[in-house]
Structures are given as C-alpha cells and as structure tokens.
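Chemist: These are the residues of each chain, in order.
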Amino acid sequence: MGTVKEKLIPSKYIPEVGSHIETIEGKKFLITNDAMYTFYRRTKGEFSDFFLALRDEKRLLGCKCSRCGLIRVPPFLTHCPDCNFAPTDPVEVEQVGVMNSTPPITYFATSLFQHLAPYGRGRVIFDGADTAMSMVLYTTTGILTPGIIKKGTRVKLVFNDERIGDVSDVFCVPAAELRRDQIEKKGLQRSEIDWESPVEPELPAASASDVAAYREVVQETRSIIEEMNRNDRARKDIAGWKRDILVKTRGGKFGIRIDDGSIRLEETGPTSPDFVMVCQDPRTLLDGLAYRGAITDSVINKKLWISKNMEFNTIFKLDRMARSVARSKKV
Amino acid sequence: MSKRVGIVGAGVTPFKGTWREKTYYELAQMATREAVKDARIPIGDVDAVFYGIYNDIFERAAIPEHALHGLLGMQNKFGTRITTGGATGAYTMSAAHAYLAAGRFKTALVLGVEKATDCFDFSSMSATPEVIKSIGWSGDSFFEQSIGWSASDSYAEVVLAYMDEHPGDLKPEITARISAQLSEHVLTNEYAQRQFDQVTPEEVLNSRLVVYPFRELEICVYSEGAAALIMAEEETAKAISKNSGQPVVWVTGVGEANEHSFAGKNQKDMSRIMSDYHASHRAYAMAGIEDPAKTVEIVELHDAFVHQLEISMAEFGLVPLGRADSLIEDGLMTPGGKYVVNPCGGLVYCGHAVGASNIMSAWSARNELIKRGLKTALVHGTGSTIAQYTACMILENA
Numbered sequence: 055m056g057t058v059k060e061k062l063i064p065s066k067y068i069p070e071v072g073s074h075i076e077t078i079e080g081k082k083f084l085i086t087n088d089a090m091y092t093f094y095r096r097t098k099g100e101f102s103d104f105f106l107a108l109r110d111e112k113r114l115l116g117c118k119c120s121r122c123g124l125i126r127v128p129p130f131l132t133h134c135p136d137c138n139f140a141p142t143d144p145v146e147v148e149q150v151g152v153m154n155s156t157p158p159i160t161y162f163a164t165s166l167f168q169h170l171a172p173y174g175r176g177r178v179i180f181d182g183a184d185t186a187m188s189m190v191l192y193t194t195t196g197i198l199t200p201g202i203i204k205k206g207t208r209v210k211l212v213f214n215d216e217r218i219g220d221v222s223d224v225f226c227v228p229a230a231e232l233r234r235d236q237i238e239k240k241g242l243q244r245s246e247i248d249w250e251s252p253v254e255p256e257l258p259a260a261s262a263s264d265v266a267a268y269r270e271v272v273q274e275t276r277s278i279i280e281e282m283n284r285n286d287r288a289r290k291d292i293a294g295w296k297r298d299i300l301v302k303t304r305g306g307k308f309g310i311r312i313d314d315g316s317i318r319l320e321e322t323g324p325t326s327p328d329f330v331m332v333c334q335d336p337r338t339l340l341d342g343l344a345y346r347g348a349i350t351d352s353v354i355n356k357k358l359w360i361s362k363n364m365e366f367n368t369i370f371k372l373d374r375m376a377r378s379v380a381r382s383k384k385v
Numbered sequence: 113m114s115k116r117v118g119i120v121g122a123g124v125t126p127f128k129g130t131w132r133e134k135t136y137y138e139l140a141q142m143a144t145r146e147a148v149k150d151a152r153i154p155i156g157d158v159d160a161v162f163y164g165i166y167n168d169i170f171e172r173a174a175i176p177e178h179a180l181h182g183l184l185g186m187q188n189k190f191g192t193r194i195t196t197g198g199a200t201g202a203y204t205m206s207a208a209h210a211y212l213a214a215g216r217f218k219t220a221l222v223l224g225v226e227k228a229t230d231c232f233d234f235s236s237m238s239a240t241p242e243v244i245k246s247i248g249w250s251g252d253s254f255f256e257q258s259i260g261w262s263a264s265d266s267y268a269e270v271v272l273a274y275m276d277e278h279p280g281d282l283k284p285e286i287t288a289r290i291s292a293q294l295s296e297h298v299l300t301n302e303y304a305q306r307q308f309d310q311v312t313p314e315e316v317l318n319s320r321l322v323v324y325p326f327r328e329l330e331i332c333v334y335s336e337g338a339a340a341l342i343m344a345e346e347e348t349a350k351a352i353s354k355n356s357g358q359p360v361v362w363v364t365g366v367g368e369a370n371e372h373s374f375a376g377k378n379q380k381d382m383s384r385i386m387s388d389y390h391a392s393h394r395a396y397a398m399a400g401i402e403d404p405a406k407t408v409e410i411v412e413l414h415d416a417f418v419h420q421l422e423i424s425m426a427e428f429g430l431v432p433l434g435r436a437d438s439l440i441e442d443g444l445m446t447p448g449g450k451y452v453v454n455p456c457g458g459l460v461y462c463g464h465a466v467g468a469s470n471i472m473s474a475w476s477a478r479n480e481l482i483k484r485g486l487k488t489a490l491v492h493g494t495g496s497t498i499a500q501y502t503a504c505m506i507l508e509n510a
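Protein chains in written order, with our numbering: chain R, 55 to 385; chain P, 113 to 510.
It is worth saying that the hints were derived from the structure and are not from the lab.
Hints are supplied without guarantee of correctness; some may be wrong.
[Unchecked claim] Taking lysine to aspartate or glutamate pairs in the EDC-like style, the calculated list, with each CA pair at most 16 Å apart, reads:
(1) R:Lys240 <-> R:Asp223
(2) R:Lys98 <-> P:Asp252
(3) P:Lys134 <-> R:Glu76
[Unchecked claim] Some chain P residues judged to face chain R by a derived CB distance under 8 Å, without partners named:
(4) Glu133
(5) Arg172
(6) Ile244
(7) Glu269
(8) Gln379
[Claimed, not checked] Chain P regions said to be covered by chain R (calculated; three or more residues, Cβ under 8 Å):
(9) 256-266
(10) 273-286
(11) 315-321
(12) 360-371
All residues carry an ideal CB built from backbone N, CA and C; glycine is no exception.
Please build the complete structure, drawing on both the sequences and the hints.
Modeler: This is how it looks when you write it as structure tokens:
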C-alpha cells in the first residue's frame with residue numbers, strides 16, 4: 055500500500071511564470087500568474103487507527119462512548135462531549151449502510167475535482183453506527199442522476215484498489231446494483247464491480263425528412279454560433295480554451311471548433327476530435343446554444359451523450375456562452 | 113447595564129465580478145471613505161475597527177488586515193479580524209456591537225472586504241473552479257476536503273434533507289419566481305454586480321444545474337468589493353446623527369448560533385437550519401420581539417441559494433416550516449406583500465463578496481428603513497459547512 059507515485063500537485067495544475075496586461079478604460083493593469091502553496095507532513099494523530107484500518111485492513115472503525123453508548127463513525131473524537139467527556143472505545147461497524155438524507159450531485163466541480171464530476175456526496179449511517187459519514191457516491195450504471203440515490207437508499211462501501219490512508223480511499227454505490235455476494239463481502243474493491251462503460255449510442259438510419267430537418271437545424275446552429283463569435287462576453291467565456299468537437303445527429307454530423315476566444319461551426323467534422331457529442335435530434339444542441347434550456351441538463355437527462363465526462367467543462371462553457379449572448383441583449 | 117448601539121454611517125463599493133483596477137487595500141479604503149463621509153465624521157473620531165475578511169487564500173495573505181490598519185488611519189488603535197465563513201460580516205457586526213455595548217469604545221468601524229476572483233484555474237482557463245476550490249479548503253480537512261466538499265454541495269445537502277421532510281415545498285417554479293423577483297429588486301441597487309440582469313422564471317428553470325438541486329440562476333455570484341459601517345454607542349450616535357442629519361438606526365437585537373458539523377443522532381438535524389432558528393430567536397428576545405411575523409418588515413437575508421432563503425425565512429418564524437413556498441403563493445414577499453425581502457437584490461444579484469456581504473445587507477437594510485419609513489429589519493448571515501453558522505441582527509428605525 056501507499057505505492058502510488060504521484061506528485062502532490064499534478065503538473066497540469068501548475069501554470070508557467072508569466073504576466074499580462076489588461077487595459078480598462080485606457081489604463082493598463084498588470085496581472086501576474088501567482089500561487090500560494092504550502093507542503094505538509096501532516097499527522098493523522100488520533101485518527102491514525104481509523105485511516106490505517108481503511109488502508110491496510112479494509113475495515114471501517116468508529117468509536118463508542120463508554121457512558122451513553124453513542125457510536126460515531128468516523129471516530130472524530132476520543133471523549134464524548136455529551137457525557138462530560140467520558141472516554142470512547144474503538145468499534146468496528148458494517149460496510150453497508152443507509153443514506154441519512156438525499157445527497158446532492160455535483161456537476162460543476164472545483165478545479166481539483168473536475169475529473170470526478172458528476173459525483174454525489176452524502177451522509178451514510180453504516181449499520182451499527184449512530185452518526186453519518188460523508189461519502190462520495192457513484193452509480194455503476196453511468197452518470198449519476200437525481201433519483202438513483204435518495205434518503206433511505208441502502209448503499210455499500212467500496213474500497214479503491216490503491217489506497218493511501220484517506221477518506222478518498224472509499225466510496226459508496228447503491229447496494230441494489232450489486233450481487234448479494236458483493237454486498238456481503240467486507241473490503242469489496244472497485245475492481246470487483248462491473249462498471250457500465252460509456253458506449254457511444256447508435257443512431258438510427260436517417261430518412262430523407264431527417265436529413266432535410268438536419269440541414270435546417272445546422273443553418274440555425276451556424277447562425278447562433280456566429281452570433282456568439284461576434285459577442286465579446288461570449289468570446290471571453292472561451293478565452294484560452296481549445297476543443298475540436300464532433301457532433302453526430304440522426305440527420306448528419308458536423309464539427310464545432312473552439313479556438314481561444316473564437317468558435318465556429320464546420321460542415322465537416324474533425325477527424326480526430328477532442329470529444330464526441332451524440333444527440334438523435336440536432337435541435338437538442340441547438341436549443342441549448344440558443345438559451346432555450348441548458349446543454350448540461352440534456353447530458354444529465356441523456357438526451358445528449360458526450361464521450362468524456364471531463365468535457366462537462368466544455369459543455370459548461372457552451373451554456374455560459376448562450377447565457378452571455380442572452381445577457382448582452384438585455385443591457 | 114449595556115449601552116444602546118446604533119448605525120450612524122454606511123458605505124459600499126460597487127460589487128463586481130472582478131476588480132482588475134483595485135486591490136483589496138483600495139477597496140477597503142473606498143468603503144471606509146464612503147462610511148465616514150456618510151456619518152460626517154473624520155476617521156480620527158473612530159476608536160476601533162472590526163475587520164470582516166473570510167478567506168486568507170482569496171486575499172493571498174495570512175493576517176490580510178494588517179496592512180489595512182494604517183491605510184485606514186487606524187494606527188495605534190484597536191483592530192481585530194473576524195472570520196466565520198459566509199457569516200463573517202454578520203459576526204463582525206455582532207463583535208463590534210458587543211464592544212460598543214460594553215462601553216469599551218464610543219465608535220467603531222465595521223469593515224468587510226473580499227477579493228475572490230484573483231483566484232484562477234489554469235486548467236479550465238476560468239476563475240470560478242479555483243474560487244470554489246479555495247472555499248473548498250473550508251471543509252473538514254480529515255473527512256471531507258479530499259472527497260469534493262464544496263460550499264454548494266454542503267448547502268444542497270441541507271436543502272435536500274429539508275425536501276425529504278417537506279416534499280411539497282421548495283417547488284422549482286417557486287424558487288424560479290423568487291430568483292426572478294430578486295432580479296427585479298436589484299434594479300435600484302446601483303452598486304450591484306448584476307443590476308441589469310433581470311431574468312424570467314422560465315430562464316431560471318432553463319439555467320443549467322450546477323449542483324443538484326441548484327440551478328445557476330438560483331445561486332449567489334462571487335463578487336469583489338467592500339462594505340463599511342460606522343457604529344456608535346447611544347450618546348455618541350445621537351451626537352453624530354444630529355450633525356449628519358440622518359437618523360440613528362438602532363441595533364436592538366443580536367443573536368448567534370453554530371451547530372454541529374457532523375450529522376446523525378445527537379448531531380445536526382440535516383433537515384433544519386437550527387443556527388438560523390436559534391440566532392434569529394435570540395435576536396428577537398434581545399429586541400423584545402414576541403411575534404416576529406407581526407414585527408419584522410424588512411429582511412436582508414444571506415441568500416447563498418434561493419432554496420436556503422426559503423428555509424431561512426421559515427427558521428426565522430416568518431413562514432411555517434414546510435410552507436416556505438407561501439412566500440410567493442400567498443404573496444408574502446411579492447411586491448406589496450407583508451415582507452420586503454432582500455431589496456438590494458440579495459447575494460444572488462447584488463453579489464457575494466464574502467466578508468463584505470452581510471455588511472452590505474446591513475447597509476441596505478438601514479437605507480431601506482429610512483427611505484421607506486419602516487421600523488424593523490432583520491439582517492442575517494449564514495456560513496460554514498451545512499449552514500452551520502448564523503448571526504442575526506435586528507435593526508430599528510426609532
């Protein structure tokens with residue numbers, strides 16, 4: 055264990071030394087790339103037993119108050135404040151539990167967690183515990199959408215194959231998505247679960263009317279993208295961003311090229327796109343770009359498929375551009 | 113016996129998505145200049161300063177207030193900083209009130225400032241993911257930070273738990289209408305980040321999900337800016353008021369509460385914001401308010417999220433728990449309704465410059481009490497994980 059050799063700050067997060075000038079009302083302002091960082095050799099102190107049990111033994115520990123008997127998981131204290139600081143004793147709890155309440159789902163994550171989104175995070179009361187532990191939640195069936203995990207849903211604790219002694223070593227999935235032997239197994243690992251891998255949806259053959267409708271929608275889409283390209287606020291939304299996107303629909307396919315502050319529609323899609331969007335009805339994307347509903351929601355509702363979850367980032371930017379154009383029209 | 117304390121001056125800077133033209137030094141001084149000008153006193157007459165600055169990472173400095181002290185003209189005087197997450201501004205006012213009520217000082221400057229969007233994520237080439245990452249360092253460092261805790265998802269936990277208990281409340285069409293209404297309120301706030309961003313309920317419903325169940329147009333926007341108040345004990349306040357020609361707006365009640373940060377048995381009840389309940393009711397008790405629903409006229413509420421605005425109004429006792437949608441359905445906060453809620457546009461439309469936000473809310477409440485000739489306002493700040501912290505203040509226009 056503890057063999058994962060990664061940098062504490064992955065190099066992709068570290069910008070170059072540099073600066074630029076922004077001019078506002080004729081006056082120049084100096085903007086410099088900067089960072090504020092501190093490294094630690096930080097002790098897990100009284101929590102060491104808990105984290106070592108997670109890492110080395112795939113066990114989940116809590117603490118039990120010697121007076122009131124309350125079992126806290128995680129064991130976030132050594133003495134119970136409800137009992138005038140009576141000491142607590144370590145206990146092991148089960149690796150199946152129940153959601154304390156319906157968990158939120160993060161689609162737009164912080165810069166550290168964009169690779170995990172969309173993810174749920176909620177509080178699980180493991181069998182044998184009285185308090186709830188904050189856990190990352192996934193479904194084995196693809197993108198987590200509202201309704202899959204709710205208050206009262208039974209969930210199973212799963213361990214990453216590589217563990218470092220941290221709460222990120224574990225997560226939960228709905229027990230209903232697992233076999234009985236998996237649910238009953240203590241120390242179930244990620245690699246022991248069948249994860250539904252993203253498969254590009256197949257599109258039905260296009261009829262002549264589909265193709266005609268497609269041509270019409272592409273024209274409208276082009277016109278909206280050209281409007282975005284003329285809009286300063288929208289262009290700012292994609293400053294420094296470069297993506298070649300292949301859009302596949304029932305009636306045909308086209309490309310969208312985002313290139314550091316400019317966006318354009320290309321009749322012929324890229325041969326090696328950064329990612330692929332698939333939507334049966336090309337209006338799904340058109341409506342999003344025209345600010346008639348969010349593209350993000352179309353992905354969540356499975357009306358629009360993207361080949362890489364990380365590209366939610368690009369979807370957000372397209373949604374933002376649509377809003378920027380709409381906002382500019384108001385002022 | 114503690115002394116009465118009142119607000120005798122206030123000022124804010126414009127709240128903006130980014131202030132490339134100013135550092136937080138200048139923003140702090142701008143708001144202070146406005147506040148002393150409003151009170152018509154020289155800065156030399158101010159005895160102490162209470163700084164509300166939430167996050168060292170935003171300002172890119174530990175002890176970010178130390179440089180401000182001299183450039184505000186407060187050298188050789190008392191200065192302390194308060195930092196309590198989103199509730200920083202409200203707690204800063206509470207601290208100033210306590211010192212003034214105790215007779216330690218005659219006058220105090222309450223200054224909130226925040227510079228959030230200097231943070232920048234070079235991988236997505238945008239500020240927001242880095243801003244929310246910086247806030248993410250506020251989560252529990254042993255059990256939550258490394259699994260993606262964020263301010264949005266922790267408040268969403270509380271909102272969803274409330275919705276588990278009250279499935280018919282916080283309907284999407286109602287949260288959308290509240291957001292649209294706040295966007296109308298902001299039209300008169302020339303300092304707001306989104307003064308001219310009026311939206312329809314349909315636009316709100318069509319905006320993208322950021323963290324389920326929150327949509328983009330139901331969430332506060334990160335701002336940069338500063339807000340300042342001049343507070344004074346009774347006799348000094350009256351003297352300043354006589355000179356400035358503006359009435360003293362009295363702080364008649366203050367209350368605070370911080371909950372557990374863990375959930376489950378004997379911990380936080382996730383379906384409630386008990387910090388809001390306790391803080392508001394303590395403030396009512398101090399102000400002698402027996403029935404808040406009959407007394408409170410203006411609410412300047414920390415609307416980090418529109419859903420939370422509704423729950424907070426219920427915890428304040430202004431609408432029933434489980435019937436917060438009555439704010440719209442019964443016309444309680446619609447134009448001409450019983451309550452004036454967030455006339456400044458709230459943090460969703462005026463903006464959320466964290467340490468400055470609740471002080472901006474007090475600035476607005478004071479202005480509105482005087483302008484509308486109303487008597488009682490409630491000012492509120494919420495913060496930390498799962499809406500753990502609250503401070504409330506009752507303002508009265510005697």
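Chemist: For every hint, state whether the structure bears it out.
Modeler: Status of each hint after checking the structure:
no., hint, verdict
1, R:Lys240 <-> R:Asp223, "holds, 15 Å"
2, R:Lys98 <-> P:Asp252, "holds, 13 Å"
3, P:Lys134 <-> R:Glu76, "holds, 13 Å"
4, Glu133, "holds, 6 Å"
5, Arg172, "holds, 5 Å"
6, Ile244, "holds, 5 Å"
7, Glu269, "holds, 6 Å"
8, Gln379, "holds, 5 Å"
9, 256-266, "holds (count 8)"
10, 273-286, "holds (count 3)"
11, 315-321, "holds (count 5)"
12, 360-371, "violated (count 0)"
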